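Chemist: Take a look at the letters that make up each chain.
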Amino acid sequence: MSLVINQRTIGEVTILDLSGKITIGVGNVQLREAIKKLLEAGNKKILLNLADVSYVDSSGIGELVHSFTTTSNAGGTLKLLNLTKKIQDLLAITKLLTVFETFSNEDEAVASFK
Amino acid sequence: MSLVINQRTIGEVTILDLSGKITIGVGNVQLREAIKKLLEAGNKKILLNLADVSYVDSSGIGELVHSFTTTSNAGGTLKLLNLTKKIQDLLAITKLLTVFETFSNEDEAVASFK
Amino acid sequence: MDPTGSTIELSIDSDFQFVELVASVTDSITQLVGFGPEEAYWIGLSVRESVINAIKHGNKLDVKKPVEVKFVISDDQIVIYVKDFGEGFDPSCVPNPLDPVNLLNPNGRGIFYMRTFMDEVDFQTPSSGGTVVVMRKRKTAKTTGL
Amino acid sequence: MDPTGSTIELSIDSDFQFVELVASVTDSITQLVGFGPEEAYWIGLSVRESVINAIKHGNKLDVKKPVEVKFVISDDQIVIYVKDFGEGFDPSCVPNPLDPVNLLNPNGRGIFYMRTFMDEVDFQTPSSGGTVVVMRKRKTAKTTGL
Ligand SMILES: Nc1ncnc2c1ncn2[C@@H]1O[C@H](COP(=O)(O)OP(=O)(O)O)[C@@H](O)[C@H]1O
Ligand SMILES: Nc1ncnc2c1ncn2[C@@H]1O[C@H](COP(=O)(O)OP(=O)(O)O)[C@@H](O)[C@H]1O
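Residue numbers (the working numbering), protein chains in the order written: chain A, 1 to 114; chain B, 115 to 228; chain C, 229 to 374; chain D, 375 to 520.
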């Protein structure tokens, strides 16, 4: 099982619905490519929906960080939606909840980009 | 997970609904005990319902054989109901389908004891 | 599967509680190799039978003696080695379970099932002692004879 | 668990495709020992992290070099050894991922997670070379600090 990424747009915000695993060798390439394409196309308001991410390890957390910095460096904003309890724990332990803006409600998340 | 045995009576026939695994060290003692008690109590028409048996290995097949011979030696009859495909295969390969009377319909199985 | 010729080794103490563990490793590996669920099921059963024999007949339930299982996998087949540290035995002396006189014997079907479900089953007696069961299954499978 | 002090050993080639296998063995074993699902989850993650490090930093993805994992289990704890055949490293030189300057580094959190979730994490450098990560987790668990 690897990562499946579905793309939706609400207003100016692009939502990537991630489903599957983000671990070493799994999912990281897809996520990088997806973010790169969005930024190249000028879509700079990105919301990653993690509801269906079944497993993340330190490489997966690293990929989220990489997505965040790549987006910021391109003048965009990347936020996180629907963190699973485990992802929340992993981010909290490494003080990354202070870095990412996170939401558990899609409407609120989308509105926050305005 | 081990073997769970539920006992029902229809007329003169005692049905043992087996649920779980019959493998080495799992389920064989319970099954032996259950058959022994039935025979001691004079219940000699025994139907083993295998519908919910999730796994059987050569030891489990051996236990079915042991149940059969113990019952026969006590003047009783033991038949099998609802074989899973895998149990059917394992019995067929070792020519035991010629030994056991098997049924896929409970009413027919019960009626056959008359 | 890439790379071909990967090797996975697993060693357990001689206690039946670990048979399930070997079986679940086997399931993961047959899935990696790409066996179908039916083939994988019977490979798993064969591995259980051989590991149970290694624990029971080989190591005689001596928990201090390990059972060593080695999986050598490639694109199109799996070869499984199951080693115990017992006294060995002569497989040609094992009674045939299909012989009418053995039909109602509660024991004696394990090796027969292994031979039915795997393409090749060999028993080796290394000079260091014990028994090594070598079982091979190719992916373009012969039917199991059912 | 009975007997106490059981040992399970698992050896894989240095390919990420086998990480899942080690993780599933770990899950089976933590279940045997009787860890709760939450503890078992984080033990599994720690094992993945250490095996990934052994493959990546230790054996540098050389499939000919194995990663050897040993589980020593008892009633109340598990000790896990993960051995690679690399050049070793000095764990005291690993940067702290909580340091603000490292916060946005995409790497460098694996060992930190292992130390968070396990009761003890040691790095040994056997004279034969490589690294052995030794991780201990007791069943009467401290909370993970969350
Ligand atoms: N690893 C082994 N070491 C010694 N003897 C063995 C081993 N495996 C099998 N045997 C012998 O072969 C016989 C047949 O084995 P098997 O067909 O698996 O049936 P069962 O285990 O039910 O007897 C065993 O009873 C035992 O005598
Ligand atoms: N088994 C190992 N062999 C050699 N070096 C290692 C090993 N494990 C970890 N390291 C070193 O420690 C560093 C930190 O590891 P870790 O915290 O897991 O983060 P990451 O793997 O993301 O870099 C690695 O970058 C590597 O330099």
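It should be emphasised that the hints constitute simulated quantities derived from the structure, not laboratory data.
Note that the structure is predicted; figures quoted are calculated from it, not measured.
Any given hint might turn out to be false.
Claimed, not checked - In silico BS3-like cross-links for lysine-lysine, where the CA-CA straight-line distance does not exceed 30 Å:
hint : chain 1 : residue 1 : chain 2 : residue 2
1    : A       : LYS44     : A       : LYS114
2    : C       : LYS293    : D       : LYS430
3    : B       : LYS135    : D       : LYS444
4    : B       : LYS209    : B       : LYS193
5    : B       : LYS228    : B       : LYS209
6    : D       : LYS439    : C       : LYS288
7    : A       : LYS21     : C       : LYS298
8    : B       : LYS158    : B       : LYS200
9    : C       : LYS293    : B       : LYS199
Chemist: Evaluate each hint against the coordinates.
Modeler: Do the hints match the structure? See the list:
no., hint, result
1, A/LYS44 - A/LYS114, "12 Å, holds"
2, C/LYS293 - D/LYS430, "33 Å, violated"
3, B/LYS135 - D/LYS444, "29 Å, holds"
4, B/LYS209 - B/LYS193, "16 Å, holds"
5, B/LYS228 - B/LYS209, "26 Å, holds"
6, D/LYS439 - C/LYS288, "34 Å, violated"
7, A/LYS21 - C/LYS298, "29 Å, holds"
8, B/LYS158 - B/LYS200, "27 Å, holds"
9, C/LYS293 - B/LYS199, "36 Å, violated"
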